[in-house]
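Turn these sequences into a full structure, and let the hints guide you.
Quick mapping for you: the protein sequence lines, in order, are chains A and B.
Going left to right, the first sequence walks through residues 88 to 548 as the working numbering numbers them.
Going left to right, the second sequence walks through residues 88 to 548 as the working numbering numbers them.
For the record, the hints were derived by calculation from the structure and aren't laboratory data.
Mixed in with the good hints there might be a few duds.
Which copy? The list can't say, so a pair holds if one copy fits it or any two copies do.
Computed cross-link-like contacts, DSSO-like style, restricted to lysine-lysine with a CA-CA straight-line distance of at most 27 Å [stated by the list, open to error]:
hint, residue 1, residue 2
1, LYS197, LYS185
2, LYS185, LYS90
3, LYS185, LYS478
4, LYS242, LYS427
5, LYS242, LYS197
6, LYS308, LYS284
7, LYS185, LYS475
8, LYS185, LYS427
What follows is the residue order along each chain.
Number of protein chains: 2
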Amino acid sequence: MSKPRPLSGFPELLPAQRSVEVEVVSTLARTFELHGFAGIETRAVEPMDQLLRKGDTSKEVYVLRRLQEDDGGRDSGIGLHFDLTVPFARYVLENSGKLEFPFRRYQIQKVWRGERPQDGRFREFTQADIDIVGAGELPFHHDVEITRVMVEALKGLSFLPGFRLQVNNRKLLQGFYAGLGVSDVDEVMRLVDKLDKLPEQAVRDLLVTEHQLLDAERADKVLALARICTPDDSFAEQVRALGVEHPLLEEGIGELGALMRGCADLVTDSVRLEADLKIARGLDYYTGTVFETRLDGYESLGSICSGGRYDALAADGRTTYPGVGISLGVSRVLVPLLNKGLLTADRSVPSAVLVALVDEESRSASDAVATALRRSGVPCEVAATASKFGKQIRYAERRGIPWVWFPGEPEHTVKDIRTGDQHTADPNTWTPPAEDLRPQVRVVGPSTHTDTARNPKETTS
Amino acid sequence: MSKPRPLSGFPELLPAQRSVEVEVVSTLARTFELHGFAGIETRAVEPMDQLLRKGDTSKEVYVLRRLQEDDGGRDSGIGLHFDLTVPFARYVLENSGKLEFPFRRYQIQKVWRGERPQDGRFREFTQADIDIVGAGELPFHHDVEITRVMVEALKGLSFLPGFRLQVNNRKLLQGFYAGLGVSDVDEVMRLVDKLDKLPEQAVRDLLVTEHQLLDAERADKVLALARICTPDDSFAEQVRALGVEHPLLEEGIGELGALMRGCADLVTDSVRLEADLKIARGLDYYTGTVFETRLDGYESLGSICSGGRYDALAADGRTTYPGVGISLGVSRVLVPLLNKGLLTADRSVPSAVLVALVDEESRSASDAVATALRRSGVPCEVAATASKFGKQIRYAERRGIPWVWFPGEPEHTVKDIRTGDQHTADPNTWTPPAEDLRPQVRVVGPSTHTDTARNPKETTS
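Put into C-alpha cells, the structure is as follows:
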C-alpha cells in the first residue's frame, strides 16, 4: 500500500493536537454541565425528508446507500446530518413524553456538509450546540441565560484570541421595517444581512434598484438602523432617534436591552458584547434574539458561534416547542489554530512518567513501579526496550514525557528531564506536580483573550 | 410534523442513559491514558478502495453521495468506516513520519455497518479500540500489555456483569495443524471457529465429509485441541499430550503461556482468563495472539471484546508495521443493558442543586446563588418560574436533582429533598457530598462483577 494522502475537507489531528481538542471539548462540556445542560448525542443520520425541509441546504447533504443493498443500489432514504438543530428538533418530538421541560441540552458532535472545502470550512467538522426548549412557552430570561452560558464557555477556552459577541433581535428589525411600511420584510432582512460581505452602497443598490424593495428614503433609514452598534443598551435611543414606531419594534428594543444589561458583567477588554443591528442571520427561521461571534484576528473565518430564538423549534400538531440556542463551530475555530501551529500540547502521549528498564529480565520490576504510579493516578508507560539509559531518556524527550523513573533496589530515582533535577522516591507515594499529570495546552505566538495587553497585529492571520 | 419514530439499528439514548454512556467512555479513556495510550480520532469516511480491501465485509459498507453533485449523483468514492482498524492502519501510514513508535493509541468512535439490525447488533454503534503498533518490530511483551490494559478497563466498569476473556494463539493452531500435515490450514481454522455456533459433530462433518480437509484421525486431534480450555498455562501439557510436534506450535505454546502467566494476577471470581484453544477469529488476518470476551448472562451477544496480533497491521513498501490490538463493542454491551432498564443514572440533568425562585423580580438573587455554587464546581440551575415552593421541589424531584436551595436574607437554606433534611448554608462555601456532584450510575436488579456472590440465573437475559 502506498502512502495515503489526506482527504480535502476531512481534517485529522496528530495525537498532541487531538489532546488540545479533547481539552476544548471537555472544558465546554464542563461549563455547560455547571449550568445544568444535559449532554445528549443523536444518531449521525436523519431521514432525507427531514434533512430537506429547509430547501436551500439540500445541496450540502451526503446521502447514504448500502453497497450491496438488495434493491440494487437505491438510496437508503437517509443522509448524514448537516447540523445539530434538525436532529435535536426531531429528538425532542420523538421523546417529548420522556423529557422534562424546559429542557436544557448540549450536544458536541460531528456534522457533515458536501460543500467545497475552504479556510475554516470543512466537509466533516465538530459543533458544540446548547439549546433550551420549552413545551408551549419559554420565557425570555432563557435568552439571557443561553448568552451567558456560551460567553462563559468561550471565556473558559483561555487560549483563544479575544472575541466579539454580536446580538440583535428579529422583532426589532421586523418591527422597524413594518413601521416603515416595508412590504417584503424577509427579503429586506436577507439583503441587509449581506452588509457582512458587501459595501453599504452595494446593499443599497440591491434594496433600491435591483430588487426595488424600498425607496431611497426608506433605504436610508434601513441602512441607518443597520449602522447602529453599541456595547450597551444605548442602541435604544439611537433607534428611537430614527423616528419609526411599531409595537413589535418596542418589544424587540425591550428584549435586546434586557439581554445587554443581563450580560454586562461578563464583558472584559477582550470579551466584548455588542448590540449590532446589522446582524440578521439571513434565511434562518429565528423569531427574536439572534447571535453571531467574531474571533479577533480571524474575522475571515466568519461567525464562529451563531444562533438565536425560534418560536417553533419543533411542533407536533398538539404542542409547539419554542427554543433558544447557540452553536459553536469547534473545528472552525480550532483546526486553523492547530494547523498554523499556534496551539499545541506539550506532549504527544498522556504519560507523565517513563519507567526505565534496566534489562528485559527485570521488566516485572518496572511494571510494578508503573502499577504503583497508576494507582496514584499518574499516567505512565514502561520503556519498550532495555536500551542504554541515555537512549531511554531520549525516547521520553521525543514524546514530551517530563519524568523518567529509574527502578532501583532499595532506592528508586526519578528525574525531571526538563531540568535534569533528580531525587530518590517511593513509587507508592510519589506524584509529579499537578500540572504534569495531563498534557498542557501551549499557545505559540499571538496573545489570547486572557492577556491584559493585546496586540491586534500579532493575531491577524 | 407528526411524531417521528426511531430508525431501526440506530439506537439513541435519553439524557440519563447518555450520562451512563459518558461515564463508561470516560472510565475507559481514563484507564487507557493511565497506561500511556494517546487518544486519536479519525474521520468517519475512508476511500472505498480502502474499505473494500477485505472483500467479505463489502456488503456492510455505507457509500456516500453528495445530493447535488455536479456529475449527476455518482458516488463520491468514499464510504463510512465499518471498524476502527482500517482507519487506524491508514492513519499510521499517512502520519508515519510524525508518530513515535511503538505507538500506543486508543480510539472511541462510532462506526457504521449496513447489516440487518438484531440483538446487540446495530447499524451505528460505538467501539473502543486500543492498539500498539511498532515500526519494523513489536516485541511480544506488548501482547501481554494490551491484554492487561483491556482487562483493567473492563474491571473499571464496575456495573458490568462478570466476564470471561478467552485467549488463543494462531501460531499454536497453525503449528499444530502443520505438525499434523494439514494442507489447508486457513480453511480448517475457519471451520473450527464455527464451534462457537455449531455442535462438535457438525463441525467434524464439515471438516471430514463436506470439505474433505481431514481424515477421521486428524479431525479427532483437531477437535481434541479445540476442546482444551484452562484457566492458567496448564493447557501446554494437554496440547503436548496430543503428540503433535512443530516449531511454530512450540512458539505458540510459549507465547500463550507467557500471556496467561503475565495476566494471572488480574483474575478474580468474576473476571476470568481462559486459554481457550477453540478461539480462532475466523477470517481475520491475525498472526499470533487472538482474543474474545463473553459477558456472563449475555452470551447471546457473542464476543463483546475481540482482537489479536497482526504481523502487518500496515505496510508501505519500505516499512512493515506490526500491531496488537483489541476492540470493545461499547454499544453492544451497553445498549441492551440500558434498554432493559438494568442500568440507569439517578438523574436526568447534571444539576446537583435547583436554586428556587422567590418571585420573578428576585431572579438576580437566585442567579447570584447559582454563580457562587458554580464557582465551587457545583452544577446547578435556577427554577424556570416562580411557582409555589412545593411545585419547585417537584420540578427537582422529576429530574432527580437531590438538593433545593432557598435564597434568603440574611440566611439561605438548602434542603436534601431525598431525606427532607435542611440547614442554613452560605452559597460561597457550601458544597454537597462528593457523590452528589455528578449523576451516579445505578444498577437495577442483577449483580455485577464487583459483587462477591453472583447468581448466574439473575443475569440471564
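Identical-chain pair category, LYS242 with LYS427, by Cα at 27 Å: within (22 Å within a copy, 41 Å between copies)
I want to check one pair: LYS185 and LYS475. Are their C-alpha atoms no more than 27 Å apart within a copy, between two copies, both, or neither? between (62 Å within a copy, 24 Å between copies)
27 Å Cα cut-off: does LYS185 pair with LYS478 within a copy, between copies, both or neither? Classified as between: cross-chain Cα gap 19 Å, same-chain 59 Å, threshold 27 Å.
Intra/inter-copy verdict for LYS185 and LYS427 if alpha-carbon distance must be at most 27 Å: between (45 Å within a copy, 16 Å between copies)
From the Cα coordinates, with 27 Å as the cut-off, is the pair LYS197 and LYS185 best called within, between, both, or neither? Classified as both: same-chain Cα gap 25 Å, cross-chain 25 Å, threshold 27 Å.
Within a copy, between copies, both or neither: which one fits LYS308 and LYS284 at a CA-CA cutoff of 27 Å? within (20 Å within a copy, 78 Å between copies)
When no copy is specified for LYS185 and LYS90, does a C-alpha distance of 27 Å or less occur within a copy, between copies, both, or neither? The answer is between: 13 Å across copies meets 27 Å, while 50 Å in one copy does not.
27 Å Cα cut-off: does LYS242 pair with LYS197 within a copy, between copies, both or neither? Intra 23 Å, inter 30 Å, cutoff 27 Å: intra-copy only.
Checked against the numbered hints above, the structure breaks none of them.
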